[in-house]
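Peer 1: Here is how the chains run, residue by residue.
2 protein chains.
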Amino acid sequence: MFFSRETYTERRAQLRQLVGTGLIVLPGNNDSPMNYPANGYKFRQDSSFRYFFGLVREGLVGVIDCDSGEEWLVGDDIDIDDIIWYGTVDSVAGMAAAIGCTGGRPMKDLAVMVGDALAKGREVHVLPPYRYDTKIMLADLLGTHPLQVKASRKLIDAVVALRSVKSLEEIREIEAACAIGYMMHTTAMGLCRPGITEQYVAGVIGGIASGYGCITSFPSIVTQHGEVMHGYPSDQPLEEGRLFLVDAGAETNSNYCSDHTRTSPVGGKFTQRQREIHDIVADCHDLAMQKAAPGVKYLDVHLDVCRLMTERLKELGLMRGDTEEAVRAGAHALFLPHGLGHMMGMDVHDMEGLGQTFVGYDDETRPSTQFGLASLRMGRRLQKGFVVTDEPGIYFIPALIDKWRAEGTCAQFLNFDKIETYKDFGGIRIEDDILITADGCRTLGEETIPYRAADVEEFIRQQQDAE
Amino acid sequence: MFFSRETYTERRAQLRQLVGTGLIVLPGNNDSPMNYPANGYKFRQDSSFRYFFGLVREGLVGVIDCDSGEEWLVGDDIDIDDIIWYGTVDSVAGMAAAIGCTGGRPMKDLAVMVGDALAKGREVHVLPPYRYDTKIMLADLLGTHPLQVKASRKLIDAVVALRSVKSLEEIREIEAACAIGYMMHTTAMGLCRPGITEQYVAGVIGGIASGYGCITSFPSIVTQHGEVMHGYPSDQPLEEGRLFLVDAGAETNSNYCSDHTRTSPVGGKFTQRQREIHDIVADCHDLAMQKAAPGVKYLDVHLDVCRLMTERLKELGLMRGDTEEAVRAGAHALFLPHGLGHMMGMDVHDMEGLGQTFVGYDDETRPSTQFGLASLRMGRRLQKGFVVTDEPGIYFIPALIDKWRAEGTCAQFLNFDKIETYKDFGGIRIEDDILITADGCRTLGEETIPYRAADVEEFIRQQQDAE
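Going down the list, the protein sequences come from chains A and B. What the first sequence shows, in my numbering, is residues 41 to 507, in sequence order. What the second sequence shows, in my numbering, is residues 41 to 507, in sequence order.
No wet-lab data here; the hints were simulated from the structure. Warning: the hint list may mix true and false statements.
Since copy identity is lost for identical chains, a pair holds within one copy or between any two.
What the hints assert, rightly or not - Okay, derived cross-link-like pairs now, DSSO-like style, lysine-lysine, Cα gap no bigger than 30 angstroms in a straight line:
1. 82 to 354
2. 443 to 354
3. 148 to 337
4. 190 to 463
5. 160 to 443
6. 160 to 337
7. 148 to 443
8. 194 to 424
9. 160 to 458
10. 337 to 458
11. 82 to 190
12. 424 to 458
13. 190 to 148
14. 148 to 82
15. 160 to 82
16. 190 to 458
17. 354 to 190
18. 463 to 148
19. 309 to 337
20. 309 to 194
21. 309 to 443
22. 443 to 424
23. 148 to 354
24. 463 to 424
25. 443 to 194
26. 458 to 148
Quick caveat: nothing in here was measured; it's all calculated off a predicted structure.
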């Protein structure tokens with residue numbers, strides 16, 4: 041439990057109201073086996089379970105009856121063996137009282153409660169399960185195959201409506217995650233020198249998160265190959281003159297995340313060519329900040345960024361032709377194959393497991409199937425209280441360049457001869473977390489991790505001087 | 041791949057021979073979702089898959105036909121989208137060739153291969169699955185419920201026979217893990233001072249493992265409450281005068297583990313009472329080293345340790361009566377509710393997922409149901425090349441003391457009045473990894489992490505002087 045009983049009680053009341061009728065079954069997470077049943081990964085509660093029930097113990101299920109208003113915490117009490125191995129914990133009834141539920145019930149009651157509801161022809165609402173143990177449990181409850189559990193659109197929409205708009209206390213938690221993210225990123229920047237391995241940097245910044253009892257909000261991307269979108273750290277040492285991309289965030293004990301990316305020059309100085317591309321990405325990042333505001337579609341902000349990027353890549357001779365036509369054709373996606381950003385909150389891609397199109401799109405704004413634009417996770421109109429990432433990037437992906445050149449894709453907008461000379465460039469991304477405010481937006485996190493090329497160089501110089 | 045093609049080829053040949061007939065299906069692991077499908081925990085390959093097939097990519101299954109001798113690597117090749125997100129990887133056929141398999145086949149062939157074998161009445165051998173996605177896959181292949189997949193005893197026995205005896209190259213990897221474990225533990229010892237939080241120490245030592253591209257071999261136990269067997273780190277600061285128990289290990293990129301425990305005094309000096317108990321545990325640790333040798337049952341080593349512990353606890357007035365009778369009654373288990381040790385290798389509790397009784401017991405040595413002894417994971421005769429842990433401990437568990445006192449359990453051997461005065465003591469454990477040699481055993485790891493009370497105090501003094 042992190043927020044007050046009133047907070048959780050109020051959230052569940054809103055959920056009941058939005059869903060209207062039927063039985064809501066919200067399973068919490070269990071321990072996730074790594075290499076044998078008893079050796080689990082670090083426990084991570086399900087975000088929606090935690091949002092509505094607040095508890096972080098494994099083996100719990102929340103059941104909300106929209107019609108009777110009853111709210112049950114389902115789970116089994118522990119015995120003396122558990123106490124020896126895991127210490128004393130609260131009873132299920134005690135936890136239920138602490139979060140304002142009607143009461144606690146043992147796990148064997150779950151099948152009875154769901155069975156009764158189904159027998160009476162009532163709707164049983166579940167979210168799309170993503171853990172396979174949960175899939176099996178829900179399949180058994182609902183009488184289907186584990187990979188065919190049908191989620192309730194009504195429940196998804198209700199949860200998305202509630203979790204999308206962050207309260208002040210939620211924003212405070214995201215700011216706390218950003219403060220740890222600041223330490224992770226500035227530490228990585230200080231370590232960005234020849235001979236240090238990617239893994240070492242990833243280990244140090246992961247240790248910073250763990251040292252606060254946190255986890256990283258996703259597996260840190262720490263790589264000299266920024267052109268590989270999810271480039272996990274290798275044992276390769278950093279090389280003078282390359283770019284070092286770090287995309288990493290912290291997740292607090294309250295399960296709120298940060299997510300930032302910075303790209304630094306190994307050795308401390310960008311080359312001319314690196315700086316030109318870095319400046320474009322930084323300007324795209326700033327443009328998004330200028331445009332993002334309540335009522336604006338994030339899809340339009342994304343397209344504005346694509347236009348600016350195309351203009352600037354034309355100036356460098358990498359693109360050509362009419363900017364508007366090039367963006368319409370998706371030519372810029374050779375360099376930016378992903379979207380400008382995503383929702384962020386308790387999940388670093390907030391609520392992605394509920395279905396990206398339900399989170400980032402709506403009846404008015406529909407997802408695209410075009411390469412690049414199809415990867416934009418957040419397109420719909422922004423609202424005050426939304427937290428999204430602003431993360432433009434420019435990458436030179438040899439396999440993609442070869443493919444497009446061979447196929448002639450967008451050839452009228454792309455100067456492949458010049459692009460060829462960038463095949464060893466790598467990639468640059470700059471990412472911040474932004475809060476949509478009443479009249480615009482602001483970055484989250486008290487301190488800004490340096491991101492302008494000159495500021496990055498200056499920061500590295502200061503760090504190395506300080507030693 | 042870590043060892044040579046010949047190593048993997050030879051291991052599979054031995055496996056075929058031991059199993060004799062039928063089709064062996066060995067699924068590798070997939071990414072394990074943390075809080076939504078695309079946000080996974082760090083990938084960890086299945087140990088048995090890696091032992092026989094060597095590969096660390098997700099989405100692979102090994103199929104060995106014992107009758108035809110064919111060995112297939114089953115998996116799907118990646119496409120351009122995967123290359124953008126994850127970089128270029130080897131083809132399935134290429135990987136199959138690299139490890140000496142007959143060839144690669146796409147995932148859709150798996151159901152055909154298994155279906156054909158079942159239709160012909162052939163045995164299909166699988167190990168007990170522990171990941172829920174694997175349970176679902178095997179259930180679909182074998183036509184059963186995911187929680188009712190029946191493992192092949194013949195395959196379990198064959199895998200246990202092969203993986204139990206470590207080769208020289210495997211021991212070298214365990215030694216490498218121990219070297220990282222040494223750094224983790226000595227760092228923790230140096231940090232053992234008032235005001236530092238358990239989480240901070242856990243974060244720092246986890247960062248050391250990650251910095252080598254490793255993981256911790258299990259979630260580190262870093263706690264002032266050593267009496268809670270799996271006491272995970274809290275945000276509580278260390279307090280002067282308490283005991284600080286750290287049970288942690290590293291797992292190398294080759295998936296070989298270390299597992300050590302040390303208990304240090306916060307502030308640097310054991311109290312008289314702490315030192316008395318610590319000395320008993322250290323002497324029990326040493327006794328096990330003297331006794332462990334090929335042909336000796338580890339159950340007997342455990343019981344020898346229990347006898348010594350009982351003798352010494354009698355001297356302190358905590359136990360009483362005849363030592364032999366007390367140990368037979370399990371009275372010492374109030375203080376030592378777990379076993380002396382477990383197999384260690386690619387899993388920190390090696391092969392535990394295959395069934396503890398198949399790994400640690402055999403027809404000659406059967407597991408006990410007595411409290412305490414029932415938790416001994418390794419009882420059977422030791423063989424040259426086995427790696428086991430030597431980890432005696434003494435704990436004062438308030439809930440267990442209350443229960444036994446109320447029930448009068450082993451009352452004739454326990455001085456509950458005196459035991460009551462130790463309820464705030466906590467717990468002490470000392471753990472090393474030992475290799476059974478031709479004529480005895482030796483600890484693994486080039487350097488010994490200090491464990492004798494005087495050495496621990498001296499080490500802490502030196503660390504703090506050095507600052």
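Peer 1: How do residue 309 and residue 194 come out at 30 angstroms by Cα distance, when the copy is not named: within, between, both, or neither?
Peer 2: This pair counts as neither: shortest intra-copy Cα distance 53 angstroms, inter-copy 61 angstroms.
Peer 1: When no copy is specified for residue 337 and residue 458, does a C-alpha distance of 30 angstroms or less occur within a copy, between copies, both, or neither?
Peer 2: neither (34 angstroms within a copy, 72 angstroms between copies)
Peer 1: Can you give me the call for residue 443 and residue 194, within, between, both or neither, at a CA distance of at most 30 angstroms?
Peer 2: neither (42 angstroms within a copy, 49 angstroms between copies)
Peer 1: I want to check one pair: residue 148 and residue 443. Are their C-alpha atoms no more than 30 angstroms apart within a copy, between two copies, both, or neither?
Peer 2: between (56 angstroms within a copy, 27 angstroms between copies)
Peer 1: From the Cα coordinates, with 30 angstroms as the cut-off, is the pair residue 160 and residue 82 best called within, between, both, or neither?
Peer 2: neither (40 angstroms within a copy, 43 angstroms between copies)
Peer 1: At most 30 angstroms between alpha carbons: which applies to residue 82 and residue 190, within, between, both or neither?
Peer 2: Close inside one copy (28 angstroms) and across copies (28 angstroms); limit 30 angstroms.
Peer 1: At most 30 angstroms between CA atoms: does that hold for residue 424 and residue 458 within a copy, between copies, both, or neither?
Peer 2: neither (43 angstroms within a copy, 63 angstroms between copies)
Peer 1: If the cut is 30 angstroms between Cα atoms, do residue 160 and residue 443 qualify within a copy, between copies, both or neither?
Peer 2: Neither way: residue 160 and residue 443 sit 57 angstroms apart in one copy and 45 angstroms across, limit 30 angstroms.
Peer 1: Check residue 190 against residue 463 for me: Cα-Cα at most 30 angstroms, and say if that holds within a copy, between copies, both or neither.
Peer 2: neither (45 angstroms within a copy, 51 angstroms between copies)
Peer 1: From the Cα coordinates, with 30 angstroms as the cut-off, is the pair residue 148 and residue 354 best called within, between, both, or neither?
Peer 2: neither (65 angstroms within a copy, 46 angstroms between copies)
Peer 1: Cα distance capped at 30 angstroms. Does residue 190 pair with residue 458 within a copy, between copies, both, or neither?
Peer 2: neither (50 angstroms within a copy, 60 angstroms between copies)
Peer 1: Using 30 angstroms as the alpha carbon limit, work out where residue 190 and residue 148 are close: within a copy, between copies, both or neither.
Peer 2: both (22 angstroms within a copy, 24 angstroms between copies)
In this structure, the hints that do not hold are numbers 1, 3, 4, 5, 6, 9, 10, 12, 15, 16, 17, 18, 19, 20, 21, 22, 23, 24, 25, 26, in rising order.
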